[in-house]
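Let's have the full structure, built from the sequences with the hints guiding it.
Top line first, the protein sequences correspond to chains E and V.
Position one of the first sequence corresponds to residue 1 (the working numbering), numbered consecutively onward.
Position one of the second sequence corresponds to residue 1 (the working numbering), numbered consecutively onward.
Simulated from the structure, these hints should not be mistaken for laboratory data.
Be aware that one or more of the hints could be misleading.
What the hints assert, rightly or not - Short derived list, chain V residues pointing at chain E, Cβ under 7 Å:
1) Asn23
2) Ser64
3) Arg88
4) Thr90
5) Glu121
6) Leu123
7) Gly124
8) Gln130
9) Ile267
10) Arg278
11) Thr340
12) Gly344
For each residue, glycine too, the CB sits at the ideal point set by N, CA and C.
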Amino acid sequence: MAVVAHTLTNGLTVLLHSTPEAPAVTVWVGYKVGSRNERPGITGATHWVEHMLFKGGGTLKKGDIDAIVGRLGGKFNGFTDTDFTIYFETVPPDHLDTALMIEAERMRNAAFDPQETEAERGVIISEREGGENNPKVLLSEELWHLAFHAHPYHWPVIGWKTDLERIRRDELYDYYRQHYAPNNAVLTIVGAFVEEEAMRRVEAHFGPFRPEDQPAPLAVTEAPQEGERRSVIRRAGTQDHLMIGYRVPEIAHADTAPLLVLQAVLGGWHGIGLLGGPFVSRSNRLYRGLVDAKLATDVGAQHALRRDPGLFVVEATVREGVDPTLVERAAGEVVEKLRRKPPTEAEMARALRQIRVWHAYDRDGPTAKALLLTWFEVIGGHRLLDDLLERCQSVAPEDVRRVADAYLGEDNRTVCTFLARREAR
Amino acid sequence: MTDTLRIALDNGAVLLLHEDHANPSIAIRGSVRAGSAYGAPGVAEFAARLLLRGTTKRSAASMSDAIENLGAALSSSNAEEAVAILGRCTPETLKATLRLLTESLATPAFAEGELEKVRGEVLGDIRAQQDDTRRAATRRLSELVYSRDHPYGRDPKGDETSVRKARPKAVRSFHGAHYGAAGMIFAFSGDLDGETFRSTVAPAFEDLDSGSPPKPLPAPKSEARANATIPMAHKTQADFVAGRAAVARSHPDFYALNLANLLFGRIGLYGRLGTSVRDTLGLAYYSFSSLDARLAGGHWSVSAGVNPKNLVKAVKAIRAEAERLEKEPFTEQEIRDGKTHLVGALLVNLERNPEYSGALHDVEYHALGSDYLARYPALVRAIQPDAVRKKAVACFDPDACSWVASGPVAGMKIAF
Chain E
1 MAVVAHTLTN GLTVLLHSTP EAPAVTVWVG YKVGSRNERP GITGATHWVE
51 HMLFKGGGTL KKGDIDAIVG RLGGKFNGFT DTDFTIYFET VPPDHLDTAL
101 MIEAERMRNA AFDPQETEAE RGVIISEREG GENNPKVLLS EELWHLAFHA
151 HPYHWPVIGW KTDLERIRRD ELYDYYRQHY APNNAVLTIV GAFVEEEAMR
201 RVEAHFGPFR PEDQPAPLAV TEAPQEGERR SVIRRAGTQD HLMIGYRVPE
251 IAHADTAPLL VLQAVLGGWH GIGLLGGPFV SRSNRLYRGL VDAKLATDVG
301 AQHALRRDPG LFVVEATVRE GVDPTLVERA AGEVVEKLRR KPPTEAEMAR
351 ALRQIRVWHA YDRDGPTAKA LLLTWFEVIG GHRLLDDLLE RCQSVAPEDV
401 RRVADAYLGE DNRTVCTFLA RREAR
Chain V
1 MTDTLRIALD NGAVLLLHED HANPSIAIRG SVRAGSAYGA PGVAEFAARL
51 LLRGTTKRSA ASMSDAIENL GAALSSSNAE EAVAILGRCT PETLKATLRL
101 LTESLATPAF AEGELEKVRG EVLGDIRAQQ DDTRRAATRR LSELVYSRDH
151 PYGRDPKGDE TSVRKARPKA VRSFHGAHYG AAGMIFAFSG DLDGETFRST
201 VAPAFEDLDS GSPPKPLPAP KSEARANATI PMAHKTQADF VAGRAAVARS
251 HPDFYALNLA NLLFGRIGLY GRLGTSVRDT LGLAYYSFSS LDARLAGGHW
301 SVSAGVNPKN LVKAVKAIRA EAERLEKEPF TEQEIRDGKT HLVGALLVNL
351 ERNPEYSGAL HDVEYHALGS DYLARYPALV RAIQPDAVRK KAVACFDPDA
401 CSWVASGPVA GMKIAF
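Structure below.
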């Protein structure tokens, strides 16, 4: 993807990818702040700040962002993750300036009206409670909580409920002012626009902002795992679930490419973006070993791309009437086989082709392209995605076996099981 | 928007193309009128789930290997009216992907072993739905609005009994009766030119048997208002849904009602409903409305996910917003904003090939005319503001709505 990169004097990184024939233009701003930047007591602050940035400030009154983008027929949203927070508007091409104005106000002028902050507390707790209704969300929260003792990946992005009930408006505002600065952000524009004119408008909207002193880089290093960790959630429900998380290195590590290929071999590949669609991969080790064996009804493998060392997650939904320990054992055997013997040539060819072809599917349309550029810029650099996928093409079968052996061992794993108590049905 | 190429084959299948060479990929959106409305409970679900899992020539494993070795993707899923088929491929793999797709459509195996796997999947899905406050409430609302006598009121998956009874013979028989090319629609969007479309895509579908054209579904009867609670003591959040019968997609009131629904519970952060229930009162993460307009009928609904202690307050707030439509009808500005939204969204939403192929498919499915996308802005501009206001008051009448509350709601006194 031909991307033109600029850096404003205040430190704002600007990425431009013009596709004049596109029916829309999309503006994304990513901030290098996520739940990894929080501390105990204010967990969930990053996500709460994201919510507050839809509530006006500067020239925008409450409700203006949704009204303005709404009347244009545009799309807009925000996402908070462990490592970043991202916002976007996709609008018809002649409204680029409107999207830039919204993002500029959002960067430095958000209102954080005390009454609005309080009203949002209920919304966020409701969002958290909606997640608590879902066994897989509960299980994932438990998995990361148990796998990380010291690193902030220990807590969920949405935060602990006790913190959400307590956090004060001023704590949120201070957090916002510290992290929402041009020198901690990337602005991406993709779609139908003219580069020179776009840069003039970017300078006009964002140029006057001053950089902020950024906090020292996160100094927490999680100690190596020295033995398996386990947890069981017993709760009323209808299905048992299994999640196994293996500690793996950060995205910048040389083993990320073979780990992505390992993911494709183990659990299939549906692209790296968020727009994969409803497709189910059935030509992978876990599906063949667990679903074809009638032990599970669905399976998955995901190498979570993180700034800091994270988890490679294997999961399964246990088929009715099957003992979950059999599913765990079968998943363990699938993994063990890959630790001992490299994938076949046919498996490698399929995995590498899927990774290559899905990269095209992932970049379909301005919004999807901008998502990838912004996401990767804030976690490691926008060129990292193309580099990574290119490096995947050079991964050899033995590389896959080596990383499986290095990281997917029993002593390096956390096993969490959701056991549904059937009597509540 | 470029012109659409439309080919109607002799066997009744309709193929559509939107050329867009910006991305080296092709998105496929197809449908076969073989939804649950046309068969015994559960059979259509098995047919759809098994469609891409082996043919008379190759096993399920060999089929999935063949698809995934190309880097292509195909899926099929069942609903009340039709089976939806989605696909992705590249120009280089188009021909091979179509060969696998049409082989699956014509000669699926419905093998016993695969059916047993699917049985476990469907049972699992039914149980997951039973344990999901939102899905369980939405499912129950469909039963109340349409009744189980109409296909729209029945779960397309069937129930546990029908799923346990499913056998390959019945699924094969259903396929033979309903998977003909007549009524089949396949829309393509992406890196594909008209010449290749004519020379590669059309021949791939030409050999499919025509079969019988799909029979029209009966219009749903008007059902009396009813309500239900689904207690799930172990859940943290409650879900509330309310709704009533509305119009079919072909009904002349659709455009006014669609705009009214947009303003009430969709635009921006969920319209008037979101502004009140989420933004001002802080009662719910989501609170929105939906208009589901289908071939033979449709329904309108509101949904909210709420902490149980706020449920009564949230339900009152939803009702108040519906009642406000009479006292404070949509303003001229709201209606203007809604219209510009609909016109702008047409452009913005068609930025990706999957969305474009989906839009082309829907235009054909609802017989809106091949120039529909070009006419759409004029259709929107012609909507009369008074019609929007009147339809909103008439349709979004809480006293005409059935409702369902699910979650930790046992013993709660809910009135809507």
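Evaluated hints:
no.: 1; hint: Asn23; in the structure: 5 Å, holds
no.: 2; hint: Ser64; in the structure: 4 Å, holds
no.: 3; hint: Arg88; in the structure: 5 Å, holds
no.: 4; hint: Thr90; in the structure: 6 Å, holds
no.: 5; hint: Glu121; in the structure: 5 Å, holds
no.: 6; hint: Leu123; in the structure: 6 Å, holds
no.: 7; hint: Gly124; in the structure: 4 Å, holds
no.: 8; hint: Gln130; in the structure: 6 Å, holds
no.: 9; hint: Ile267; in the structure: 4 Å, holds
no.: 10; hint: Arg278; in the structure: 6 Å, holds
no.: 11; hint: Thr340; in the structure: 5 Å, holds
no.: 12; hint: Gly344; in the structure: 2 Å, holds
Hint check: no violations occur; every hint is consistent with the structure.
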